[in-house]
Amino acid sequence: MSIPLSLPEAQRPAGFLGRLEARLGETGILLLFLVPALIIVIGAQFYPLASSAVISLFDWRLSRSPTIGPFVGLDNYVRTFSDPIFAGTVSYTIIFAISSTALQLLLGLGIALLTVGEGYTLRLVRTLLMLPMVVAPVAVGTIWRMILSARVGPLNQALAGIGIDGPNWLGDPTWAAFSLIMIDAWEWTPFVAITLTAALTSLPSDLIRAASVDGAGPWKTFRHIVLPMLMPVIVLVAMFRLIEAFLTLDIVFTTTAGGPGYATHTLSFWIYQQGLKYFNISYAAASSWVMLLLCVAIALGFLAWRRHITSWQVSR
Amino acid sequence: MASVTLKAVGKRYGSVEAVRDLDLEIRDGEFMSLLGPSGCGKTTTLNMIAGLELPSAGTIRIGERDVTQLSAMHRDIAMVFQSYALYPHMSVERNMGFALMVRGYAPDEIARRVARAAEMLSLGEYLKRHPRQLSGGQRQRVALGRALVRDPQVFLLDEPLSNLDAVLRVQTRAELSGLFKTLGTTAVYVTHDQSEAMTMSDRIAVFSHGRLQQVGEPLEIYRAPANRFVASFVGSPPMTFLDGVVGEAGELVSGDLRLPGPANLRGARSGEAITIGIRPEDVQLGGGGIPAVAEIVEHLGSLQIVHLTVSGRRIVAQVAESAQLRRGDTIHIRIEPSQLYLFNAKSGDAIHTPGKHAGAHFSHLEISR
Amino acid sequence: MSLTMRNLAGWGLRGLLIALALVVALAPFVVLFFNSLRPADEFLSEGAGLIPSRLTLEHYAEIFDPARDTFRYLINSVVVTTSSTVLAVLFGALAAYALARLRLPFKLSLIIGVMFLVVRFYPKITVALPYYLLMREFHLLDTHLAVIIAHVSMTVPFVVWMLLAFFEDFPRELEQSAMVDGCGPIRRFVLIVMPLMAPALAAAAVLTAFLSWNEFLMASTVAPNAAKTLPVRVSGFITDKGILWGAMSAMSSVIIIPVALFALFTQRYLTRGLTAGAVKG
Chain A
25 MSIPLSLPEA
35 QRPAGFLGRL
45 EARLGETGIL
55 LLFLVPALII
65 VIGAQFYPLA
75 SSAVISLFDW
85 RLSRSPTIGP
95 FVGLDNYVRT
105 FSDPIFAGTV
115 SYTIIFAISS
125 TALQLLLGLG
135 IALLTVGEGY
145 TLRLVRTLLM
155 LPMVVAPVAV
165 GTIWRMILSA
175 RVGPLNQALA
185 GIGIDGPNWL
195 GDPTWAAFSL
205 IMIDAWEWTP
215 FVAITLTAAL
225 TSLPSDLIRA
235 ASVDGAGPWK
245 TFRHIVLPML
255 MPVIVLVAMF
265 RLIEAFLTLD
275 IVFTTTAGGP
285 GYATHTLSFW
295 IYQQGLKYFN
305 ISYAAASSWV
315 MLLLCVAIAL
325 GFLAWRRHIT
335 SWQVSR
Chain B
670 MASVTLKAVG
680 KRYGSVEAVR
690 DLDLEIRDGE
700 FMSLLGPSGC
710 GKTTTLNMIA
720 GLELPSAGTI
730 RIGERDVTQL
740 SAMHRDIAMV
750 FQSYALYPHM
760 SVERNMGFAL
770 MVRGYAPDEI
780 ARRVARAAEM
790 LSLGEYLKRH
800 PRQLSGGQRQ
810 RVALGRALVR
820 DPQVFLLDEP
830 LSNLDAVLRV
840 QTRAELSGLF
850 KTLGTTAVYV
860 THDQSEAMTM
870 SDRIAVFSHG
880 RLQQVGEPLE
890 IYRAPANRFV
900 ASFVGSPPMT
910 FLDGVVGEAG
920 ELVSGDLRLP
930 GPANLRGARS
940 GEAITIGIRP
950 EDVQLGGGGI
960 PAVAEIVEHL
970 GSLQIVHLTV
980 SGRRIVAQVA
990 ESAQLRRGDT
1000 IHIRIEPSQL
1010 YLFNAKSGDA
1020 IHTPGKHAGA
1030 HFSHLEISR
Chain C
13 MSLTMRNLAG
23 WGLRGLLIAL
33 ALVVALAPFV
43 VLFFNSLRPA
53 DEFLSEGAGL
63 IPSRLTLEHY
73 AEIFDPARDT
83 FRYLINSVVV
93 TTSSTVLAVL
103 FGALAAYALA
113 RLRLPFKLSL
123 IIGVMFLVVR
133 FYPKITVALP
143 YYLLMREFHL
153 LDTHLAVIIA
163 HVSMTVPFVV
173 WMLLAFFEDF
183 PRELEQSAMV
193 DGCGPIRRFV
203 LIVMPLMAPA
213 LAAAAVLTAF
223 LSWNEFLMAS
233 TVAPNAAKTL
243 PVRVSGFITD
253 KGILWGAMSA
263 MSSVIIIPVA
273 LFALFTQRYL
283 TRGLTAGAVK
293 G
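So the protein lines, in turn, are chains A, B and C.
Quick note: my numbering has the first sequence finishing at residue 340, numbered continuously throughout.
Quick note: my numbering has the second sequence finishing at residue 1038, numbered continuously throughout.
Quick note: my numbering has the third sequence finishing at residue 293, numbered continuously throughout.
Only chain A is shown next, with the shape it has when bound in the complex (with noise of 0.2 Å):
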């Protein structure tokens, strides 16, 4: 589509701009507009998650030479699936993902019902209660551990005072796995209670006020009402945190370092010392492409039951 040289010189758009565009034309523009985006996006994971793959059908470790070695197929996914410590990092990770979202989640809706409202102090405290979330992970990991030292955390000196005998919270195989969930439930929570304050307050209120005029006290109105309103983004937020959860890795770095023994070991921390501390990189890139289609098979599970539950909610 070229500019007819028929139009009077002042109806022309004007400068280069004006040209480029001409030349293009509409389709043409935008599909330039998209190039940035998607060349990033593709360059800078999909083709590094591609060379990943191939990368996992050879073996390759950088102990042994700095070039990538012999073709052998499956074998690493052999390994990695017949590992004991992959086995356990996996039970604990799901372990871990599922405790801390269901925690979230409950606590992350009692918050928000606690602070929903205008006003200003409740905005404040919102506010306030949002800090946990907006702080790097990798702080969170090294204040944590400082509070729940064994010996001269704050905890346990706060427990000795009123004669508890704090436990090893971080040094200690099952106290350790139960702290960490612990952190991430306290640093993930504020997320869950923003969004379901949000959800909250775009709810119709015509829908509750109908309810009290029939009849229905607070706790019925929320239970027949709010919360069947809410599921689907409960079910959305349970979506993002149960994956992101299961990717953890920042915290599991400055508490525990996976430790005592394996004990603390989440899936991604798992992967990140195979590859970069041992140098196995084949047998990482393996085992992080299992770890993937784990992630997007349960992506897709909660997006079918999603769609399960919004089927029957009148669209508005």
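Take these hints with a grain of salt, some might be off.
Unchecked claim - Selected chain C positions facing chain B (Cβ under 8 Å, derived; list incomplete):
1. E149
2. H151
3. L152
4. L153
5. G194
6. G196
7. R199
8. I204
9. T283
To be verified - Footprint (simulated), chain C over chain B, 3 or more residues, beta carbon under 8 Å:
10. 730-743
11. 748-754
12. 759-771
It is worth saying that the hints were derived from the structure and are not from the lab.
Model, not experiment: these values are computed from the prediction.
No residue lacks a Cβ here, since even glycine has one placed at the ideal position from N, Cα and C.
Guided by the hints, dock chains B and C onto chain A, whose structure is given.
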């Protein structure tokens, strides 16, 4: 200033045909209304003339140029949108000068043109304000001003008055009409309001379901509609329609109602199924006519709209207030046969119409009981 | 109980629970802050209470000691976060606009949509290693650019996803008017659409800034030294010889305080950014 010619223009979206086989010529300097109900294709047609949408078929010329494939910015047209589409983050002044700025006009030329348009539309004191500080009527004028400043070959207006309240609408209608007569630029005006089209246009193009039904001067459309749809759409209160048959002696039969038919009917069409159309103002009150009972009387001040039952049929009549009819009154009515509109019952095409030169009559001022 | 007393009790319970939540949420920060002011020897003694016996700025002095490069890491973080935010919002807005306006064949827009969605849901670790190799090939290791590219690639999908709905809801007639006025896509985007999208863009920018500032994995993988960012520095305090508590507390405070203040000021945008997709959906 230029003519706009559409030949065999069509537009389809997927399987839906919004506009079908449209041939329309808008003359240089003419004010043409595109009239029809929602979804009839008038806005689509306007968008195609503007270049906001490209036709699926056919060609469009503005003046001598074939603009069919050109996008909006190359067509030298200006448009006034239904919602005015003023840029919220710019002042009135910048809104009006925007198109000129984009095309690289010199700043003093822009200022000059903006000032001239502002004066034409009495916007001078609002130039520095932002759209959100203006009333609906003021915004509408800014939208107009924006188009005026462009000095285009064709003005396109998409229901510009529909967002104004009723009083303002009538007032602005007259102002707009005067403005365009002064400017003399070709204008294409989309509306669903038949009174707007009737009062403002040089010619009206009536659309229905994507097809052009008729093009003509307002009185022609009113008095010589091409089909039942056009007759039903133009005129307020709307025409009464009765299903019936042509009798042997050329009279019109609808149920128990018998009306004398127009002269040219005799013989040729006996037995044919027809639709009879009666304009309310053509119902004359007078002795010696058919008896009728006034069921509902609506008082408009200077007129009365009377819903009559005549031989089992409902007919709407418009009479002067001086007739002083009340609910339940029995009166006699007559309809001049040549004033009847007759349509083919199946196709809706007009068989007989009063014709554009039918004289106005004042018989509705006569009463006798 | 009369109605007012019941109300009071109700409020009292609510207030109590809220206070409890606040304590749980904020206490760790208070502890951290006090610890950063605590003299070094107090860390190991068991009798030390919650509040340090005396306040000292020695740890802050230590980390801000010019020999320690803390300023450099701070600047690295600032450079990386600012650049990533600007680029991510720019590229994301362009892409979201294009997606909203282009009428692509259904399959293609679905693919692109899924592509942008998926980036959130797989382990970054899968990408980290090959990305490192990629940066090594381009001789970009340990540069700001390496981290910036990584961050942008991670956040652009967020931005696109967030802004897409806004662009789709943008009034058509405004753009049509601009078209008639002579604006092609670029001018429409710059002169009309973007200025009116400012709040949404702000939300996207705030969200991206947070993600970039706090990001650890990619930054530590490709920028271990010269271009090191603050989060990576913090993790470096956990050495095999033992933990430098004082310095770590001070450093963590340095990371956290700007973020906390920023969060307090941009709370509205942050909320909008986080809930954009979730609640509408």
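Q.
Let me make sure I understand: some of the numbered hints might not hold for this structure. Which ones are they, in numerical order?
A. Hints 1, 2, 3, 4, 9 are the ones this structure does not satisfy, whereas the remaining hints hold.
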